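Protein sequence lines correspond, in order, to chains F and E.
Note that the working numbering numbers the first sequence so that position 116 is 1000, with each residue one more than the last.
Note that the working numbering numbers the second sequence so that position 69 is 953, with each residue one more than the last.
Among these hints, one or two may not hold up.
Copies of the same chain look alike in the list, so a pair counts if it fits in one copy or across any two.
Stated by the list, open to error - Simulated pairs of lysine-lysine, BS3-like, Cα-Cα distance not exceeding 27 Å:
1. K1084 x K954
2. K1017 x K1158
3. K1226 x K1329
4. K1329 x K1228
5. K1051 x K1030
Treat the hints as calculated values from the structure; they're not laboratory data.
Here the structure is a predicted model, which means the values were calculated and not measured.
2 protein chains.
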Amino acid sequence: MTKLLASARNHKYLRIAEAIEAMIQDEVLNIGDRLPSVRVLSDEYGISMGTAFQAYYQLEGKGLIESRSKSGYYVRFNNKRLPSVPGISSLKPVSSEISMADIVTQVYKNVSDLDLINFSVATPPMDLLPAAKLNKSVLHAIRSSKYHGLNYEHYQGNLELRKQIVKLSFNWGGKIKPDDIIVTAGCMEALSLCLRATVKTGDAIAVESPTYFGIFQLLACLGLQAVEIPADPVNGIDVLQLEKAIRQFSVKACLFVPNFNNPVGSCMPDEKKKQLVELITRLKIPLIEDDIYGELHFGKSRPKTCKTFDKEGWVLHCTSLSKSLAPGYRIGWCIPGRFTEKIKSLKMVLTIAAPTLMQVAVAHFLSIGRYEYHMKNFRKALYKQYLRYVQSIIEHFPEDVRISRPQGGYILWIELDKRIHSLKLYHEAMKYGISIAPGQLFSSKGSYEHYFRLSFGKQFDDTIEYGIRVLGQLIRKSRL
Amino acid sequence: MTKLLASARNHKYLRIAEAIEAMIQDEVLNIGDRLPSVRVLSDEYGISMGTAFQAYYQLEGKGLIESRSKSGYYVRFNNKRLPSVPGISSLKPVSSEISMADIVTQVYKNVSDLDLINFSVATPPMDLLPAAKLNKSVLHAIRSSKYHGLNYEHYQGNLELRKQIVKLSFNWGGKIKPDDIIVTAGCMEALSLCLRATVKTGDAIAVESPTYFGIFQLLACLGLQAVEIPADPVNGIDVLQLEKAIRQFSVKACLFVPNFNNPVGSCMPDEKKKQLVELITRLKIPLIEDDIYGELHFGKSRPKTCKTFDKEGWVLHCTSLSKSLAPGYRIGWCIPGRFTEKIKSLKMVLTIAAPTLMQVAVAHFLSIGRYEYHMKNFRKALYKQYLRYVQSIIEHFPEDVRISRPQGGYILWIELDKRIHSLKLYHEAMKYGISIAPGQLFSSKGSYEHYFRLSFGKQFDDTIEYGIRVLGQLIRKSRL
């Protein structure tokens, strides 16, 4: 009962904060405007002073308003102040041998150095993960598993976990059964199994440009060619352009990140996903869909997936819990449509099964509703971090930088003045213990020289602010 | 202090049991001979009646002696009664395309059916694994890991675990450092990384014949050819024959199981291992060594590995804890010599890292000496099971069957009358809920039709005895 009341009260202050946020974004309230006092707000909405205060506190946390001492609350920021979105750099699809860039190794060698101000890795903020509750689920797994989890799990994955994954897929309109799922060691194993099941050495694979360097490395590992399809930082790739590229370069499979793409942050509109699936179904070309950021939406509803529109099983949906729950548990999965049987046997041959205890623990965590609860708060916290990072960047970076506008995930794609070489910026920043991911990592040909990726996974604090300020100074300096 | 005393007492009864066992094996005592009474034994050795009784109890457990009511103890079995060892079936090396046998899927489809009398899987006896103590190590891992194990581990593997693996390698004369090791998801991932780092699609790989079907499946997965080198059930492959085959078939790498080979149970003598390593070093051909059963020796000392003799880094040593400790934890590793850097980056790209908690738990379990303690008892228990299974087989199978004589592991390789087709036997046995692994699984060409593999991993009991009796009856029947 107390919980119910608390939740109702929660909703009230959030509703009011949202209403004010909307007024700020719509410029009904402008930057510098004074807001009604807490007392006036409480009278206006018929709420307690406490609730009114909570609403303002919420908006202040997002950096949208500020309190000035003895003077009240003022609007501080709105989305209209955001810089432009980065442009599409390469305009034509290109096919190329992948040169496994040494810079990846170079950039990620020092990545576990804890003293680093690390903007280069896309890991979730550890402090926001539900460690204590996950620990309880591990204890449950130890107690409840047959032989305490010492024996092999079924090669397709723990059945209860697969049932929970079915439930989770309701969020994107998935119509799947537990037997359609194969549990993997994170999303990377899922992607590599899917590639192995659909193409052979030397084949050409369409990917977005820019795309996550891990995908280029994976293609290189498997001896595959990349055909890079330019992706718009808002809407992703163009389906007509893809069709032409498929014919021109004899593309044998596509590997895309349609939701909150890494690094550009684009989210393909659902209608476009549908067109994409129609295209690949017509051409009978497998589409490997990496949906690793799909659950991390800032908006109210989760974006659909390509799998949602897949009628004939040509979409191989891959994801994991590494970006939202527990990277160290190494739990991912794929839903490979018509390639399911093939991937089942590949999984069995290559790694036999995923670790038993980790699977049972996650199944338990999901089954008692803890994942859903965690994600609700986690998404809000990420959105807040997004706003704080962007505000700080606007404050400290030169005015001509362009910043992506992700609607989920925790990655920003930043375009600099063409004179600035981001690998040079990387080296300069490292002198101050600051790590960024230079743009060249995100293309097989070392394009995107004046871009870089900045992850806002770490909780925003004074150190982060310092890091962004120093980066801003270095950017200004490199222009001279 | 109590522990020390107990251990001293332990040693006494074991020493006496061993002395009597030696007399039985050397035929100083013959089958049917009456043994001295417990009282006489205690007088003779100056031990308590209790210790004398314990010694007999130990020998009875191994099936070497039996007590007849009101009459005393009698010798029941000696090793001289063992049937002959299976022959080498194929005499010449052969290279062939691997046909991913449907029978593997067929045989292993029902493998997790708990009602099955399962002689077909090579998993350790769950009841003999130290579940309670491993659980404690998992708890320790949850408490002691940074972020409770939620974050990624280093891609090369947890450092403390790698230090413990270094210590473990002292047992086979390993001279390695933590940085020479990459932690993997069991031995299968280690093997697949090693193949990927050393050869390319279409290459020919030398394997023993017969060899574990999982290795054939792995080669098929990676598009590799198998060159099968006949292996003697006692000493393994012939090095001269291998050299010829390497030249004849342009072999690009070897993948062998030198210790307690699966399925023949051979253990390559150390001198031969040395010759093998000299050969592959001279020819600059990588040798992938699967040492998954190496720790499960029945004799006093652990056999050496090929890695022991590797001076120039051409041996890629692979193993795991799946056969001795916890298959469900999925902890394996490789020590890939000159291919270490390549395998480090492959591991990072393909699965990023092994699960954090499982690694920390195992590192803890090893570091406090629990693994060593467990293995001491586990090896004894396996040897006892070996004796009991073999005795039961001798009792129930026709006299002309031939049985391998493994000095470790838990696998028997059984040769039947040439008229008996073991796949037919498999189907007959399945009608009685008994599963065996037909010989054809262990060759890429479906040879070994009148062989089968029988795992003695499950604790010997009435059900196992029943299973062996029924198998014996079916073998007799199929000859008619």
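Hint check:
no.	hint	result
1	K1084 x K954	neither (69 Å within a copy, 73 Å between copies)
2	K1017 x K1158	neither (38 Å within a copy, 53 Å between copies)
3	K1226 x K1329	between (33 Å within a copy, 22 Å between copies)
4	K1329 x K1228	between (34 Å within a copy, 23 Å between copies)
5	K1051 x K1030	within (24 Å within a copy, 31 Å between copies)
This entry does not satisfy hints 1 and 2, going by the numbered hints stated previously.
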